[in-house]
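> In case you want the letters, here they are:
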Amino acid sequence: MAQYLILIHEDETAYATGGEELYREVMAAHDEFAAAVPQHGGKLLGGAALQPTTTATSVRGGEVTDGPFAETKEALGGYYLVEAPDLDTALAVAKLCPARFGGVEVRPVMSFD
Amino acid sequence: MTDPGAAVEAAVADAHRREWALVLAATVRVTRDLDAAEECAQDAFAAALTDWRAHGVPARPGAWLTTTARRRALNVLRHRGVEQRSLPLLVADEETPGPDDLVVDPAGAELPDDRLRLVVTCCHPALDRPAQVALTLRLLCGLSTAQVARSFLVSEPTMAARITRAKKKIALARIPYRVPPAAELPERVDAVLVVVHLLFTTGHTVPAGEELVRRDLVERSVELARMLRRLLPADPAVAGLLALLLLTDARRETRTGPDGRLLLLEEQDRSRWDRAAVEEGTALVREALRARPPSRYALQAAIAAVHAGSPRWEDTDWDEIVALYEVLAQLWPSPVVALNRAVAVGFASGPAAGLAELDALGAEPQLAGYGYLPAARADFLRRLGRAPGAREAYTEALLLTENAVERDFLTGRLRALGGS
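Respectively, the protein sequence lines represent chains Z and R. Quick note on numbering: the numbering used here labels position 39 of the first sequence as 39, and the sequence is numbered without any gaps. Quick note on numbering: the numbering used here labels position 104 of the second sequence as 104, and the sequence is numbered without any gaps.
Just chain R, same shape as in the assembly (with noise of 0.2 Å):
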């Protein structure tokens, strides 16, 4: 870039992506007050627009702009008065800020990192799951209300109720601003990786719309997941989360053809998977395979690590996708696991054997709706030529399907079956 500005800025937005919920978790600790912080961080950030380009981007801009925000939001709290404030202060561990905090040691010496204060009290159980999600996209990740409200089909004044709401929450029933003790850890950072894979799947095959994959989304959710795995290094379902997202995620870029058509895995050119991405899940599957009892994203890792490692759809190991499936649904018995359990059992043993196992979940009321399981049905009927059968299913999947690229899938399908 020649445009010394356009580099500034450019600089910006990559700190804002990368170290935005650091410095916000760090500036939290100061404030007490998530609005507040909120506001100094962005200050921060805007502040880095104009220093920077005076002296360049620093070293560390993690650095620079946690000093800045929280310097900002010593500030702050100097100048406000307890009458100024809406909501009480956030209960965090007892922390006086000082002079001390201030001090960032320029050959590299730690700022306390908070981010996962910020990630488990997000994801609080006793807030509901669209609020955690908001929370987390508006405070881990950065975004606007807008944005979050755009990534899940709400209205602005939805999202930004939503998010209120939960902020008002967390404050006036004292949801700590605390990394739990050990033994509720594992609660606590499962919530959390409910939610982070909760924004994968929700990216990675949008529910309604015209576009079969919400990048950003799936992009967030998987800095996530690394985030996550920087601050738990030793947490084994935190890798198979981390490897569950980078396996799914390898194909991306083949899931749908020049035309935007939707590619089956059996279709999909896998010379095209994301082979760096390939690697980095399986190694991550392994280790997260050694947990005991192994948590259910490093079961679905290792399926997906399955399909990765098949050079070609014919030489996929069915018999040990079938294991796993097996296992996990052993473990966390749900029926969209049984639902995939017998999909593979159609690969293994033969759609016959695959269309018994499907039809055993027909009675399955949580699956009454659920639009993969007739599109499955469909498949096997097509496979063993009952076309009328067959006909059914897709017309009955294509009511339940509310994905363009996945009803014109389905369409495409009934009409290759020519008939009524």
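Excised from the complex, chain Z in its bound form (with noise of 0.2 Å):
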């Protein structure tokens, strides 16, 4: 078994200005997700949803900057974590994985053993 780091990259603008309605689509729709993952050979071990990087600080350095790291158009707003034997496995589960305005990174945790 591996780990797989889900990496939700979208545009956070639609969130901003999204509304009520949307807020209770997408929530809705992440727990789909998560009840479907295991029909998938998949376990999930974790995950969160960010607050928007208007709210992010940078350090680097020990120098302390406001904002993201890198400004790009679609910011990483959440991330799961995912048990899968293999890569197929952990991108059928990415393929499920709601980012209606964006899209997903898949990235294979190190592992030490």
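Please keep in mind that the hints were generated in silico from the structure rather than gathered at the bench. Note that the Cβ used here is the ideal one computed from N, Cα and C, for glycine as well. Misleading hints may appear alongside valid ones.
Claimed, not checked - Across the chosen pairs, the derived CB separations fall in these ranges:
(1) 56(Z) x 219(R): 52 to 58 Å
(2) 35(Z) x 219(R): 49 to 55 Å
(3) 359(R) x 59(Z): 56 to 62 Å
(4) 352(R) x 19(Z): 53 to 59 Å
(5) 359(R) x 43(Z): 56 to 62 Å
As the list claims (entries may be wrong) - Not the full set, but computed from the structure, chain R residues with beta-carbon under 8 Å of chain Z:
(6) 126
(7) 172
(8) 173
(9) 174
(10) 175
(11) 176
(12) 180
(13) 264
Since each chain sits alone in its own frame, please combine them into the complex, following the hints.
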């Protein structure tokens, strides 16, 4: 078994202007996703949604700056940590992951055993 | 051959060409490590040079080589600790290599054929196209990194880095060494077909350089298509691709004149087309077209079959070709298909009709910079006697063409038009 991080990159402005209804829709989609993961051979180990990049603070070499590390149109907005036997399973899970204003990146987690 | 050493060398070279993928794929299952498997397979071919000289070429060279490589792999595994591995083992279905794996029934029991696993792994969608192509040439065709680099006009260190990165990703991201389940197989096989087709087209008309055809790439791609056909005999897309390759390659010897000059389909000596390839390809087209919907390769092959079946250029059934391009454009719309259809219309209904079709494509952004569009326009303008426009279009085509043989052709046409 291996672990993969699914990084959700989306256009934040869509959420900023989407209102209550969009929020409810997206939450429901994520609940559905969490329920579907085991059916595809994966196991959800964790995950979180992040506050928008307007709240981000970067630190480099002790110097503190206001804003995200890199300015991109589609910013990291959340992640899931999943356990899967192989990349095909991880990709099947990633395809289910809601990201209607962008997409997801799948990264294998380094193992030290 | 009278020199037994030379005969053995030839037998080993022949086996390398035919059996490399089989030997490597079976060995990967033992080592679950691509680099280690490549080393063991190479060792087996080296051992064949001395062993076959002493004991004669075995009846089934592939089985001998596979057994030798797998035995070597088991030895390596026994003597190698985890700490000596730079990458994690490939993910494969649970199979513990054991002594049973070494038993090859001399009567000819089948060895496990893992080539399909190997090729779908090399062409996994998580690898980019250049990586898929490089791995396929290296692992399925057994080309050295230097040979792969030469085929794609990149430096050897660049190609080595590309191959290393791809192998690392397979191991670290755990791309499984496995034939995907039936539901996913068509999509995964399609990725393999795209790679094989790309190898063929790259070899068929080299994008830049002195020669028109890279014979080795063409031959390797036809061999890969044949291998896929043996592994997936019921797959109509595979039949379609093999048909397309055979029918297109049947004209290879007639595509340039004795002076190396480019000869158009119109000028080619059809009596010198490879009849065996045409017959085999035509039979495969019939089979491939039975699928609903037919694959894009089957339709392209059907078009090639119409040409192959016309005794003379004048006999070409252009209406049939236009109809086939129309089906192709419906199922797989692409500006290049639209361009080819427009050219066919020009032959079916006259150069003015063809020109009108081509001009409708002029705004297509994907065709900007595509030399065949101005070349086709130039030809219709020339046929219509509109020399100034033709000159302009040939000049534009020349700016966009980097293959020397094609450039000579366009220059010749431009010169024949005379004028300024």
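> State the violated hints by number, sorted upward, taking the hints as numbered earlier in the document.
Going through the list in order, the structure violates hint 13 alone and respects the others.
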